[in-house]
Amino acid sequence: MPVSELRFEYLRDGGGDRLEVIERDGEVEDPGGTLINEWTPIPEKRSWARLYDDGGRYRLWIDGSGSFYIDPRTPSVELPTGLESTVKREERLWGIPALLCFLGRADHPLHAAAVEVDGEAILLAAPGYSGKTTLAAGFAAAGYRVLSEDVSCLRPSSPPTMVPGPAMLRIRRDVADRLELPGASEVAGGDDRVHYSLDRASRGDCRPLPIRAFVLLRLADSGISLERVPVTNALRELWPLSFRLPTLEDRARCFQGVTALADAVPVWNLHRPFRLDLLGDVVQKIVADA
Amino acid sequence: MTLRKNPKATYRTLAAGGSGVLLHLESGEYHGLNEIGCRIWELIDGERTADDIIEAIRAEVDDPPATLADDVTGFIDAMRERDLILAST
Chain A
1 MPVSELRFEY
11 LRDGGGDRLE
21 VIERDGEVED
31 PGGTLINEWT
41 PIPEKRSWAR
51 LYDDGGRYRL
61 WIDGSGSFYI
71 DPRTPSVELP
81 TGLESTVKRE
91 ERLWGIPALL
101 CFLGRADHPL
111 HAAAVEVDGE
121 AILLAAPGYS
131 GKTTLAAGFA
141 AAGYRVLSED
151 VSCLRPSSPP
161 TMVPGPAMLR
171 IRRDVADRLE
181 LPGASEVAGG
191 DDRVHYSLDR
201 ASRGDCRPLP
211 IRAFVLLRLA
221 DSGISLERVP
231 VTNALRELWP
241 LSFRLPTLED
251 RARCFQGVTA
261 LADAVPVWNL
271 HRPFRLDLLG
281 DVVQKIVADA
Chain B
1 MTLRKNPKAT
11 YRTLAAGGSG
21 VLLHLESGEY
31 HGLNEIGCRI
41 WELIDGERTA
51 DDIIEAIRAE
61 VDDPPATLAD
71 DVTGFIDAMR
81 ERDLILAST
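Chains as they are written, first to last, in my numbering: chain A, 1 to 290; chain B, 1 to 89.
This is chain A alone, in the form it adopts within the complex (with noise of 0.2 Å):
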């Protein structure tokens, strides 16, 4: 939960672990730290970032947004100033910089979007654009809580849960011209995409949840069908989801925490054809058998 005299768009109710953000004007001068990953920019989808490891303290430079520097043992952010909306540097904050601070408190960040079903949370995990989102939106349209649309923050305790994230969707335009988000209010736009800020009556807290099941996206050309998957091929697909920093003590913390979840979670293969007709079809399916 954000400490801040900034205005947050998409933030739950409730509290939870402390973090603390605030502005920065103007980058660091000689800031120092050694680069650990760099992002090459793609259009209209992702722009061209790179990550610096300073010392347990990181600085993340995202091409005409600045340098968010980050702390994971406060936790604390620097967002920078002046480039930017303000709901664009949020949804920034909760990309690169929030995953950095579920690493320092030992939680497992994941790419998936993840709805709440009956109490418990399922995860729809696949890479980017392979129609996450589209199916959390389909979800949402459903009436379903979506939990988050593109990372989610999982605890390999036990059992295993997922914090609820930013409260936000961001789906491509004909999707949004062809699903109803009941009490969704469009507050960005401009790329590929239109973002919207979830219905606030609706979007509850952010007290973890148990994870009932974790469903892999694949194409199929027609059917709709779920499949379990055996754990050792389930670490496999879970395995390159999972944000993980370039050490060798991070790629043991992600062994050790995917293979905990693969372990206690159901995993389902999901074959579906990637039609926006057939998204409801598609809810349902894994709603009655996932």
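Among the hints, a few may not be true.
To be verified - Which chain A residues stay away from chain B? Per the calculated CB distances, all over 10 Å, these:
#1 SER47
#2 ASP150
#3 ARG173
#4 ARG228
#5 PRO273
#6 GLN284
To be verified - Some, not all, of what chain A presents toward chain B, calculated at C-beta under 7 Å:
#7 ARG207
#8 LEU209
#9 VAL231
#10 THR232
#11 ARG236
#12 ALA252
#13 PHE255
#14 THR259
#15 ASP263
Just so you know, the hints here were simulated from the structure itself, not pulled from any lab data.
The model shown is predicted, which means the values in this text are computed figures rather than measured ones.
Idealized CB from N, CA, C, for every residue including glycine.
Given chain A, put chain B in place with the hints provided.
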């Protein structure tokens, strides 16, 4: 020649069926182990040789097959090739 676990390999036992998984932290390669494979991994402690491990498994298994020594040796050789275990003279 005694055998020891490579510190760059990490292991976890799975809940069902006595199986386990190994990950080589540098290569990122996963390896699934069955119950016997897990037991061999446990016996690799920096003090035992391959022959010691073969005899330990022979003592633990009901009706050990005639190929036991070859099977265990083959498994150990495969783990060495994958840099999961190291040999010390």
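To see whether the hints hold, each was checked on the structure:
1. SER47: holds (26 Å)
2. ASP150: Non-interface label stands for A:ASP150: nearest chain B Cβ at 23 Å, farther than 10 Å.
3. ARG173: holds (37 Å)
4. ARG228: Non-interface label stands for A:ARG228: nearest chain B Cβ at 12 Å, farther than 10 Å.
5. PRO273: Given that every Cβ of chain B is farther than 10 Å from that of A:PRO273, nearest at about 30 Å, it holds.
6. GLN284: holds (30 Å)
7. ARG207: violated (26 Å)
8. LEU209: Because about 22 Å separates A:LEU209 from the closest Cβ in chain B, which is outside the 7 Å limit, the hint is violated.
9. VAL231: holds (6 Å)
10. THR232: holds (4 Å)
11. ARG236: holds (6 Å)
12. ALA252: At 5 Å from the nearest chain B Cβ, A:ALA252 passes the 7 Å test, so the hint holds.
13. PHE255: holds (5 Å)
14. THR259: holds (5 Å)
15. ASP263: Holds - the Cβ of A:ASP263 comes within 7 Å of chain B, reaching about 5 Å at its closest.
Comparing the model with each numbered hint stated earlier shows that hints 7, 8 do not hold.
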